[in-house]
Amino acid sequence: GENVEQHPSTLSVQEGDSAVIKCTYSDSASNYFPWYKQELGKRPQLIIDIRSNVGEKKDQRIAVTLNKTAKHFSLHITETQPEDSAVYFCAASIGGGSNYKLTFGKGTLLTVNP
Amino acid sequence: DVKVTQSSRYLVKRTGEKVFLECVQDMDHENMFWYRQDPGLGLRLIYFSYDVKMKEKGDIPEGYSVSREKKERFSLILESASTNQTSMYLCATGGGGNTEAFFGQGTRLTVV
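Protein chains in written order, with my numbering: chain A, 1 to 114; chain B, 1001 to 1112.
Pulled out of the complex, with its shape left as it was, chain B reads as follows (with noise of 0.2 Å):
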């Protein structure tokens, strides 16, 4: 079983924190994804990664930034957080080649 783990799964933080989101897989998937939730807008992409170090902006990048310094992990970063930025956060992982994208069970962050 394909395992997508992310590690929180609520987060409440201040406006203007610096926010780290963490997504961690193990089944060895070249790419990686940030998706972000709202009602009526669906799943929007923020970030993509391909490979280690390498990442790709999305549809709605402003705002975020990404890490991937190991293969297993993409870490999605809110420089500096705001109320609009309260949503649902999945991270999705896939094999390339257009085959079946697997997401975590999301992290619903609120920022006050």
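Just chain A, same shape as in the assembly (with noise of 0.2 Å):
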């Protein structure tokens, strides 16, 4: 099955800098990549998502890159903030049909110092 790697485990920046964060997949026949935010206590929520037609998505402060033939994809946030702290995770998905499931990464602690 599926196998998503994700780094750091643990990132901490300064406000205003920059947060990248980096996920692999094993299975080629992956085509959709979504990005959840975990804010302390609650539940994950979709920041941003990718599907393998495209290579590049940017949403404001947030963009997400792909790389099909690495099976590499990485999000970038810009001008980070405090309220950016969280742990973020990425995710793979097999199949177009109504049979999909999502593979999610182990998450990387975001903390941003202000």
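A few of these clues could be false.
[Unchecked claim] Quick list of in silico lysine-lysine cross-link-like pairs, DSS-like style, CA-CA up to 30 Å:
1) K1003/B x K106/A
2) K1018/B x K42/A
3) K42/A x K1003/B
4) K1057/B x K1003/B
5) K106/A x K1057/B
6) K1057/B x K1071/B
7) K1055/B x K42/A
8) K22/A x K37/A
9) K37/A x K68/A
10) K68/A x K57/A
11) K1071/B x K1055/B
12) K1057/B x K37/A
13) K1018/B x K1003/B
14) K1071/B x K22/A
15) K37/A x K1003/B
16) K37/A x K1071/B
17) K37/A x K1055/B
18) K106/A x K1018/B
19) K42/A x K1070/B
20) K58/A x K1003/B
21) K68/A x K1071/B
22) K71/A x K1070/B
23) K22/A x K1070/B
24) K1053/B x K22/A
25) K1003/B x K57/A
Keep in mind that the hints were calculated from the coordinates and are not lab data.
Got two chains here, each in a separate frame; can you build the complex from them with the hints?
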């Protein structure tokens, strides 16, 4: 089955700096790659996603890049703010039909220091 | 707004008990999932369902079963709870076809 590796497990940055979280996946058939943010005590929520026919996607301070050849995708957060502090999960999905499932990485705890 | 509701926020059960965790969604989504979240291990898929009465094993199904009698409800069953099943359990739902998954608020289960 699919295996998703996520690095680093913890990341500490100063407010205003950029943060990058990287993930690799094992199954070349995966075609959907979402990123979830989980604040302390809350449920994970989607922040951005990318499909395999796209190489990059941006939404304000957040961007995701995908390299299908290397089976690698990354989350980039610019101008970090304290409210960006959370656990971030990447995921990969196989299947375009109704029986898809999401396989998650182990998460990255991002701390943004004021 | 999508609503995914788990029946309990916190649950304490005894070893050997049969435990039911319930999840209800109001978005008419076909796909429902049960994940287990443990520190350092991320979100691990226990079971998923893509239709009523249809279920598939995820990555860690041992010790669990599921039931989906109605489209909006997906239940996780611990047949005989053990201490190593102490964890946060998250239900999720999705419309299928590589779209966003929505999570419930989670059930923190403690088995003593």
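Tested hints:
1. K1003/B x K106/A: 25 Å, holds
2. K1018/B x K42/A: Holds, at roughly 27 Å.
3. K42/A x K1003/B: At roughly 14 Å apart (the allowed maximum being 30 Å), K1003/B and K42/A satisfy the hint.
4. K1057/B x K1003/B: 24 Å, holds
5. K106/A x K1057/B: 20 Å, holds
6. K1057/B x K1071/B: 18 Å, holds
7. K1055/B x K42/A: 27 Å, holds
8. K22/A x K37/A: 14 Å, holds
9. K37/A x K68/A: 23 Å, holds
10. K68/A x K57/A: 14 Å, holds
11. K1071/B x K1055/B: 12 Å, holds
12. K1057/B x K37/A: 25 Å, holds
13. K1018/B x K1003/B: 27 Å, holds
14. K1071/B x K22/A: 36 Å, violated
15. K37/A x K1003/B: 18 Å, holds
16. K37/A x K1071/B: 27 Å, holds
17. K37/A x K1055/B: OK: K37/A and K1055/B at ~27 Å, within 30 Å.
18. K106/A x K1018/B: Holds. K106/A to K1018/B sits at ~29 Å (cutoff 30 Å).
19. K42/A x K1070/B: Measuring from Cα to Cα gives roughly 27 Å; hence the hint holds.
20. K58/A x K1003/B: 27 Å, holds
21. K68/A x K1071/B: Given that 30 Å is the threshold and the Cα spacing comes to 35 Å, the pair is violated.
22. K71/A x K1070/B: 37 Å, violated
23. K22/A x K1070/B: 38 Å, violated
24. K1053/B x K22/A: Outside the cut-off at roughly 37 Å; violated.
25. K1003/B x K57/A: 27 Å, holds
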